[in-house]
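Participant: Protein chains in written order, with my numbering: chain A, 3 to 314; chain B, -6 to 521.
Derived from the structure by calculation, the hints contain no laboratory data.
Misleading hints may appear alongside valid ones.
Below, a list of computed lysine to aspartate or glutamate pairs in the EDC-like style, where the Cα atoms sit at most 16 Å apart [to be verified]:
hint: 1; chain 1: A; residue 1: Lys57; chain 2: B; residue 2: Glu267
hint: 2; chain 1: B; residue 1: Lys26; chain 2: A; residue 2: Glu88
hint: 3; chain 1: B; residue 1: Lys501; chain 2: B; residue 2: Asp271
hint: 4; chain 1: B; residue 1: Lys269; chain 2: B; residue 2: Asp230
hint: 5; chain 1: B; residue 1: Lys93; chain 2: B; residue 2: Glu162
hint: 6; chain 1: A; residue 1: Lys226; chain 2: A; residue 2: Asp305
hint: 7; chain 1: B; residue 1: Lys85; chain 2: B; residue 2: Glu139
hint: 8; chain 1: B; residue 1: Lys133; chain 2: B; residue 2: Glu113
hint: 9; chain 1: B; residue 1: Lys246; chain 2: A; residue 2: Asp172
hint: 10; chain 1: B; residue 1: Lys361; chain 2: B; residue 2: Glu316
hint: 11; chain 1: B; residue 1: Lys295; chain 2: B; residue 2: Asp309
hint: 12; chain 1: B; residue 1: Lys140; chain 2: B; residue 2: Glu119
hint: 13; chain 1: B; residue 1: Lys133; chain 2: B; residue 2: Glu86
hint: 14; chain 1: B; residue 1: Lys321; chain 2: B; residue 2: Glu344
hint: 15; chain 1: B; residue 1: Lys133; chain 2: B; residue 2: Glu146
hint: 16; chain 1: B; residue 1: Lys205; chain 2: A; residue 2: Asp163
hint: 17; chain 1: B; residue 1: Lys246; chain 2: A; residue 2: Asp163
hint: 18; chain 1: B; residue 1: Lys263; chain 2: B; residue 2: Glu274
hint: 19; chain 1: B; residue 1: Lys515; chain 2: B; residue 2: Glu227
hint: 20; chain 1: B; residue 1: Lys205; chain 2: A; residue 2: Glu88
hint: 21; chain 1: B; residue 1: Lys211; chain 2: A; residue 2: Glu49
hint: 22; chain 1: B; residue 1: Lys221; chain 2: B; residue 2: Glu66
hint: 23; chain 1: A; residue 1: Lys55; chain 2: B; residue 2: Glu119
hint: 24; chain 1: B; residue 1: Lys129; chain 2: B; residue 2: Glu113
hint: 25; chain 1: B; residue 1: Lys495; chain 2: B; residue 2: Glu267
hint: 26; chain 1: B; residue 1: Lys496; chain 2: B; residue 2: Glu227
hint: 27; chain 1: B; residue 1: Lys383; chain 2: B; residue 2: Asp309
hint: 28; chain 1: B; residue 1: Lys269; chain 2: A; residue 2: Asp172
hint: 29; chain 1: B; residue 1: Lys264; chain 2: B; residue 2: Glu316
hint: 30; chain 1: B; residue 1: Lys129; chain 2: A; residue 2: Glu49
For clarity, every value in this text was computed on a predicted model and none was experimentally measured.
Next come the chains, spelled out residue by residue.
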Amino acid sequence: MKNSAFKKRLLSIIPTFFGVTLLLFLLLKLSPGDPVNIIVGPRASEEVISLYKEKLHLDAPFFVQYFHYMKMIFTGDFGRSYFTNENVFNALLSKLPNTLMLAVFSMITGTFLGIVLGILASLKRGGILDKILSSVAVLFISTPVFWTAIMLVLVFSILLDWTPASAIGDAGISAFILPALVLGSRSAGYIARLTRSSMIEALSADYIQTALAKGVSKWKIVIKHAFRNSLIPVITLIGIDFGSYLNGSVLTEKIFGIDGVGRYAINAILNRDIPVIMGTVILGAFIFITMNLLVDVLYLKLDPRVSAAAKN
Amino acid sequence: MSFLKINKYHILSVFLILFFITGCKKPGKQEIKKNIRIRLEHDPQTLDPAYIVDVMGGNISAKLFNGLVRYDEKMAICGDLAKEYEISDDGKEYTFHLRKCVKFHCGREFTAKDVKYSFEYILSTEPISPRVWVLKKIEKAQDFIEKKTSHLEGIIIKDQYTILIKLDEPYAPFISLLTMPTSYIACRQCTHGGKQKGIYCGTGPYIFNLWKHDRTLKLIVNNDYFGKRPSGVENIDYYIIPEDFTALAELEKGRIDIMEIPVSMLGSLKKKKEKKFDIVEGVTLSTYYIGINCRRPYFKEKTLRNALSMCINKNDLIKYLMEDNVEKAQGPVPPGLNGHVSDETIPYDPEKARRVFASSSIKDINLKFYAKSSQQNTDIVSAIVNDMQKAGLKVEIELRDWAKFVESINQGEADLFFLSWWADIPDGIDFLSPVFHSENFGSAGNRAFFSNKEVDSLIDLAEKTTSSEERHKMYERIAQIIISESPWIFLWHKKSYYGVSKKISNYKVYPMYNIDKGENYKIIPASK
Chain A
3 MKNSAFKKRL
13 LSIIPTFFGV
23 TLLLFLLLKL
33 SPGDPVNIIV
43 GPRASEEVIS
53 LYKEKLHLDA
63 PFFVQYFHYM
73 KMIFTGDFGR
83 SYFTNENVFN
93 ALLSKLPNTL
103 MLAVFSMITG
113 TFLGIVLGIL
123 ASLKRGGILD
133 KILSSVAVLF
143 ISTPVFWTAI
153 MLVLVFSILL
163 DWTPASAIGD
173 AGISAFILPA
183 LVLGSRSAGY
193 IARLTRSSMI
203 EALSADYIQT
213 ALAKGVSKWK
223 IVIKHAFRNS
233 LIPVITLIGI
243 DFGSYLNGSV
253 LTEKIFGIDG
263 VGRYAINAIL
273 NRDIPVIMGT
283 VILGAFIFIT
293 MNLLVDVLYL
303 KLDPRVSAAA
313 KN
Chain B
-6 MSFLKINKYH
4 ILSVFLILFF
14 ITGCKKPGKQ
24 EIKKNIRIRL
34 EHDPQTLDPA
44 YIVDVMGGNI
54 SAKLFNGLVR
64 YDEKMAICGD
74 LAKEYEISDD
84 GKEYTFHLRK
94 CVKFHCGREF
104 TAKDVKYSFE
114 YILSTEPISP
124 RVWVLKKIEK
134 AQDFIEKKTS
144 HLEGIIIKDQ
154 YTILIKLDEP
164 YAPFISLLTM
174 PTSYIACRQC
184 THGGKQKGIY
194 CGTGPYIFNL
204 WKHDRTLKLI
214 VNNDYFGKRP
224 SGVENIDYYI
234 IPEDFTALAE
244 LEKGRIDIME
254 IPVSMLGSLK
264 KKKEKKFDIV
274 EGVTLSTYYI
284 GINCRRPYFK
294 EKTLRNALSM
304 CINKNDLIKY
314 LMEDNVEKAQ
324 GPVPPGLNGH
334 VSDETIPYDP
344 EKARRVFASS
354 SIKDINLKFY
364 AKSSQQNTDI
374 VSAIVNDMQK
384 AGLKVEIELR
394 DWAKFVESIN
404 QGEADLFFLS
414 WWADIPDGID
424 FLSPVFHSEN
434 FGSAGNRAFF
444 SNKEVDSLID
454 LAEKTTSSEE
464 RHKMYERIAQ
474 IIISESPWIF
484 LWHKKSYYGV
494 SKKISNYKVY
504 PMYNIDKGEN
514 YKIIPASK
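The following block holds chain A by itself, in its conformation from the complex:
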């Protein structure tokens, strides 16, 4: 990608950012429910409720509230949670490493498993192994996350006692094994299907036949020629999946008690904790934009045609 093209992509972040914040703010205002009723509890007078609304600027017109929030953002302040009074930026920083760790482990699991299943299925196209592996991929995709999670806890935590069921206490990295398998298996299903179809297409290309005729080793043909050429759509999928995992995996984080961004966001949504909702969405938008940029850069590295087109 040329520098100017890259700059263009970078500049597109600005309208995206404003669009996301404005749309979200609008949606929050339109959605019913008031955080004050939760903050003050079940026995507060109307007088106390209106004082809280005033304090939190919830009684101000929409654009005043939006302006007030954006002013804070541009001074580097994401605000404080209505409920815990915790600084949202600091809270996000403390939760992001857990989400990041879960995303990385899940993607390693999903990518490895998906690619291996996909390649094996494509090499045995139409055979029993292909059918079995394709069914496994469909099973991974269609099994609900909560069911997989419960089954894994039942087997690995309760029956076998190999892993902790949640991320409490001194569980450390072992607490991420089951959640990574849950999320990773879902990704693996998609990646396996995509890898299989891309590989079948690549393996039937003329250059593969040429390579075979030239006596190139089978492993080399599969890995260096066919697999590399089938990677582009797989990378896109991995990028999108990774981006979504970095935004937090609500169910998985909730089931396994991981203090991540997803759980933080869903609690905030249920409580109408506006500063936290805004903070998590802005972080999410930033992550998605960055992931898209990274995927574009990877295209350049993997596919010389993209690189040549960019140069021209």
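Since chain A is already given, all that's left is putting chain B on it; use the hints.
Facilitator: Quick look at chain B alone, frame taken from chain A:
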């Protein structure tokens, strides 16, 4: 096309995923530690006495702070930071004789000044405490809130260990209100030191150690505590595990020691023969009910409201949906409190209800039944609506998330709603005044918008009556009127069930969240 032969090494490579397993360990096989690990479903909102409105915050703060008085295990008021107290004959003056040599967690000695400071803090904090009503009965408290006076004139420090609290008018439940978290005494120096951390400096049996929001909250035993100290316990660690199933797995594996067992899991757990934990049961001071919006013209007639109660088969609800783990309610006040009614009040009579509805215009109205969205609520409300429909009513269910649900019912949008009321103080008046007095419409508690002059005047009179015997008679009278007026359909009083590790003895489930100060906890030493 066949490029490769699949051999065992290729298959095995797939299972490289098991590299994660290298991080595995056997977490359940731990030696008995001197910490008690308690599961929380979510973070408490705050531990600052001024802002505590939730049960969880109240339960934890009870271990950090003390009030002037407290409820003991038998739910009788006894001294806490006050060794003894006297109430004047006119019920307007409360004199407290404070304990000597009591120290805050920071090491500073507790005196009468701290009491005055703490109460002034509640009434003057910014933003205003949602529980400001707890101390509003103190003389000239309103002037202090409105900043007309520089200090709270109704509190007079007699000497370092004696304090007098004057009320504007007699208010019998005042002594009970002093047991609430809002009335806990905090160290005035630490409170000024920093809102986030220092505020948790109290005199309680446990000292605040750390709080990682949404993860863990740790308390350590206060070895200088003036009261009884727990045996063999060094810390209490609270862990946030949102999912019941996961928490139960951790309890089974001994990674947590105490958790509340949801009713849905209770049946199978009770049947299980070999458990690694005990199930401890206790009653709660709560009433689950269906509120009837008395502002609606079609609910003005009490015969119609009575008929609504008659058409619901509460016995089946309790047997099949609640699996007999609750106690059937006949009135608003739960068992154990004055004003409780245990005899059958409005019997199940769907035929009679059908006749009442058939002769009324209500049968043509589409009634909106609101409830907080959850699986259990959906089941309960669906069963209730089914009974109502069988009796000839048109009812539509509206499930909403908590924020929207509360807002809607506070504003009187619902015709009917499913809710519960929990005690702040173990006194019958707490199930009568906030929820049925016409001064408390909407957010203050009376969400049925019930108005009855006799009930209002009896509540006002009861609150001013110093004789507990007379007051309790009034509670019974008020409860009877409310039952006959039926602004609520009384469903049940909840019981609580806790799974408690066998390493802990003396764990009890109390009716009130702040009775348990963790003083009686005992860790049984590991057998050699």
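Participant: Now tell me, hint by hint, if it's right for this structure.
Facilitator: Comparing the hints with the structure gives:
1. A/Lys57 - B/Glu267: violated (54 Å)
2. B/Lys26 - A/Glu88: violated (31 Å)
3. B/Lys501 - B/Asp271: holds (11 Å)
4. B/Lys269 - B/Asp230: Outside the cut-off at roughly 20 Å; violated.
5. B/Lys93 - B/Glu162: violated (30 Å)
6. A/Lys226 - A/Asp305: Holds, at roughly 13 Å.
7. B/Lys85 - B/Glu139: violated (22 Å)
8. B/Lys133 - B/Glu113: holds (12 Å)
9. B/Lys246 - A/Asp172: Between B/Lys246 and A/Asp172 the Cα gap is close to 14 Å, so the pair holds against 16 Å.
10. B/Lys361 - B/Glu316: violated (27 Å)
11. B/Lys295 - B/Asp309: violated (25 Å)
12. B/Lys140 - B/Glu119: holds (12 Å)
13. B/Lys133 - B/Glu86: The given pair, whose Cα atoms are some 13 Å apart, holds under the 16 Å limit.
14. B/Lys321 - B/Glu344: violated (21 Å)
15. B/Lys133 - B/Glu146: Given pair B/Lys133, B/Glu146 holds - Cα atoms ~6 Å apart, limit 16 Å.
16. B/Lys205 - A/Asp163: It is violated: about 27 Å lies between the C-alpha atoms, which goes past 16 Å.
17. B/Lys246 - A/Asp163: Holds, because 8 Å separates the two Cα atoms, which is no more than 16 Å.
18. B/Lys263 - B/Glu274: holds (12 Å)
19. B/Lys515 - B/Glu227: holds (10 Å)
20. B/Lys205 - A/Glu88: OK: B/Lys205 and A/Glu88 at ~11 Å, within 16 Å.
21. B/Lys211 - A/Glu49: Since the Cα atoms of B/Lys211 and A/Glu49 sit roughly 36 Å apart, the hinted pair is violated (cutoff 16 Å).
22. B/Lys221 - B/Glu66: Since the Cα atoms of B/Lys221 and B/Glu66 sit roughly 14 Å apart, the hinted pair holds (cutoff 16 Å).
23. A/Lys55 - B/Glu119: holds (13 Å)
24. B/Lys129 - B/Glu113: holds (11 Å)
25. B/Lys495 - B/Glu267: Cα-Cα ~12 Å, so holds.
26. B/Lys496 - B/Glu227: holds (14 Å)
27. B/Lys383 - B/Asp309: With a Cα-Cα distance of about 15 Å, the restraint between B/Lys383 and B/Asp309 holds, given a limit of 16 Å.
28. B/Lys269 - A/Asp172: The hint is violated at about 21 Å.
29. B/Lys264 - B/Glu316: holds (13 Å)
30. B/Lys129 - A/Glu49: Status holds; Cα separation ~14 Å.
Hint check: violations occur at hints 1, 2, 4, 5, 7, 10, 11, 14, 16, 21, 28; the rest are consistent with the structure.
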